[in-house]
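Chains as they are written, first to last, in the numbering used here: chain U, 788 to 1088; chain C, -18 to 253.
Please note that a few of the clues may not be correct.
Calculated pairs, DMTMM-like style, for lysine to aspartate or glutamate (alpha carbon to alpha carbon, straight line, at most 25 Å) [as the list claims (entries may be wrong)]:
id	chain 1	residue 1	chain 2	residue 2
1	C	Lys64	C	Glu180
2	C	Lys64	U	Glu956
3	U	Lys877	C	Glu146
4	C	Lys64	C	Glu49
5	U	Lys877	C	Asp70
6	C	Lys138	C	Asp(-8)
7	C	Lys64	U	Asp880
8	U	Lys877	C	Asp(-14)
These are calculated hints, taken from the structure and not from any lab test. Just so we're clear, the structure is a prediction, and the values are computed from it rather than from any experiment.
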Amino acid sequence: MHVLLEPGLFSNDTVRTALVLGALVSIVSGVVGVFTVLRGQSFAGHALTDVATAGGAGASLAALSPLAGFIGGGVIGAGAMDAIGVQRVKDRDVATGVVLGAATGLSALFLYLITLQTTTTGSTQSILFGSVFTVEPSTLPDVLVLTALVLVGLAVIRRPLLMSSISPELAAARGVRLRAVGIVFMVMLAVAVGLSAIVIGSILSTALLIGPPASALRVSTRLSRALLIACAMGVAATWLGIVFAYDSYYWFGSGRGLPVSFFVVVDVLAEFVLVSLVARRRRRLLAPFGRGARPDHVGWI
Amino acid sequence: MAGPDLLEVVDVDVALSGRMVLHDVNFRIDHGEFTGLIGSNGAGKTTLLRVLLGLQEVVRGRVLIHGEPMTRSNSSVGYVPQKVLFETDVPVRVRDFVALGIDGHRFGLARRTRQTYELVDEILDSVEATPFANRRIGSLSGGEQQRVLIAHALVSKPELLLLDEPLANLDPGSAQEIIQLLHSVVANQHVAILLSAHEMNPLLPVMDRVVYVANGRVASGTTDEVVQPGVLSSLYGHHVDVLRVHGRVLVVAGDDDHDGSHVADHPALVIE
Chain U
788 MHVLLEPGLF SNDTVRTALV LGALVSIVSG VVGVFTVLRG QSFAGHALTD VATAGGAGAS
848 LAALSPLAGF IGGGVIGAGA MDAIGVQRVK DRDVATGVVL GAATGLSALF LYLITLQTTT
908 TGSTQSILFG SVFTVEPSTL PDVLVLTALV LVGLAVIRRP LLMSSISPEL AAARGVRLRA
968 VGIVFMVMLA VAVGLSAIVI GSILSTALLI GPPASALRVS TRLSRALLIA CAMGVAATWL
1028 GIVFAYDSYY WFGSGRGLPV SFFVVVDVLA EFVLVSLVAR RRRRLLAPFG RGARPDHVGW
1088 I
Chain C
-18 MAGPDLLEVV DVDVALSGRM VLHDVNFRID HGEFTGLIGS NGAGKTTLLR VLLGLQEVVR
42 GRVLIHGEPM TRSNSSVGYV PQKVLFETDV PVRVRDFVAL GIDGHRFGLA RRTRQTYELV
102 DEILDSVEAT PFANRRIGSL SGGEQQRVLI AHALVSKPEL LLLDEPLANL DPGSAQEIIQ
162 LLHSVVANQH VAILLSAHEM NPLLPVMDRV VYVANGRVAS GTTDEVVQPG VLSSLYGHHV
222 DVLRVHGRVL VVAGDDDHDG SHVADHPALV IE
């Protein structure tokens, strides 16, 4: 019999790298994700994951860094969506759908070409569903710098971004350049998706981008709290996923572990269900006090 | 010698998608005046407000604030839009939303100071919104949201406040409360107000002037000067009667041959 957190787990370099990487990616996804959900751009975020897939596959074919491919593809996709009109509510789905379709087609081509180059499915599996245990520690500084850039950038634009997310009309009347703020945010979104892709894969990076922020928004009355909760939930889901995936090597006696991305997505879903149940119970508790009311003696966050 | 008016709109023409929607618009607003911008739905009230905010280009004419050309995001002008649908899960308290009226357009890492929140609390108190200052904006009723939007606009200390149909979708009681609130803002803070509405009667007790929009043209002056058959008939392009009943105004469209009249489908109509 073995224990989940076996002795020496955290002294293993592969696991340590995975945990640090997972934490950084979860934090940047949580922060960017809160604004993504507030702006109603979850579909755009998902489309960028498909664009990142094309970028990652293209990078693999060209023997370039997967991270560069994921982020490069995402940024190009964000630019294309903006050019088509993702900032306008009525054109948002059209812009997203057009880019999503094109990117998926490109991904199919690149992934097919990869299968012609190799006899294994490792690369395809890694691009689509991630392989955090195979990420080189030398990637960490790049991830750290990109994470810092996105977080500082978001901190700088947070008020115009929030204002334009709540009411574009009010923001425009106050002089906020909606398109400029929107483009900057889309680039940050593309970077967040690219970073997330190396941990849980390009296809599943939506899970970290949308799941924890959506849960956090259900129970937070303040933006700062929503950001903190989203980050904490993302880190918890990723770390638990890594630990479970590592431990799964022992589960079936086959000497093969289950994918990290599977466990991360399950954790994110479990968090969402749990928070939704708590939020619903909380609303029922507060119902007798009136719409939106919160008496002083009832507090959760 | 008196200085320039607070707002001056001179010979303005506005086109949308190549179609002229406002012709030869002229009016003025002075400090501390309550002006009603009256017109039916689609008359061009929102377009005119967008011109005053610098968000809509004019084909011809000038918009002057203190005698200077209007620029986008002029801090002298506050704005309350027609409809803001606050999502229930937006994690923003009323206090923080009102504070965005001060710094929502600013980039940077600076934190809000205590003075900012003191100003916010003062404004919330002036619009009687203190009881729900710590609630989510998405949890408020329509009347409460209007108060918060007004506070958001007032917190930057504008000299002119533009409100686009703030009484729409409010029950008569809430509408009356908002009108009295705005009247007290004019009186106590000496802020000029331009409020658009399709119905003028609720505003009659507080309105200093009226800017009446119809058929892409505008007539302005005191209510007595503007709301009379000659002026409105000229604006609408056909005969209009104006009846005054128990202090209320009824604008009735008559047939051109004067063989009778029927109730017009237009803004100032009141049947009670």
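Verification of the supplied hints:
no. : hint                  : verdict
1   : C:Lys64 - C:Glu180    : holds, 17 Å
2   : C:Lys64 - U:Glu956    : holds, 9 Å
3   : U:Lys877 - C:Glu146   : holds, 23 Å
4   : C:Lys64 - C:Glu49     : violated, 30 Å
5   : U:Lys877 - C:Asp70    : holds, 22 Å
6   : C:Lys138 - C:Asp(-8)  : violated, 29 Å
7   : C:Lys64 - U:Asp880    : holds, 23 Å
8   : U:Lys877 - C:Asp(-14) : violated, 40 Å
Hint compliance for this structure: hints 4, 6 and 8 are broken, all remaining hints hold.
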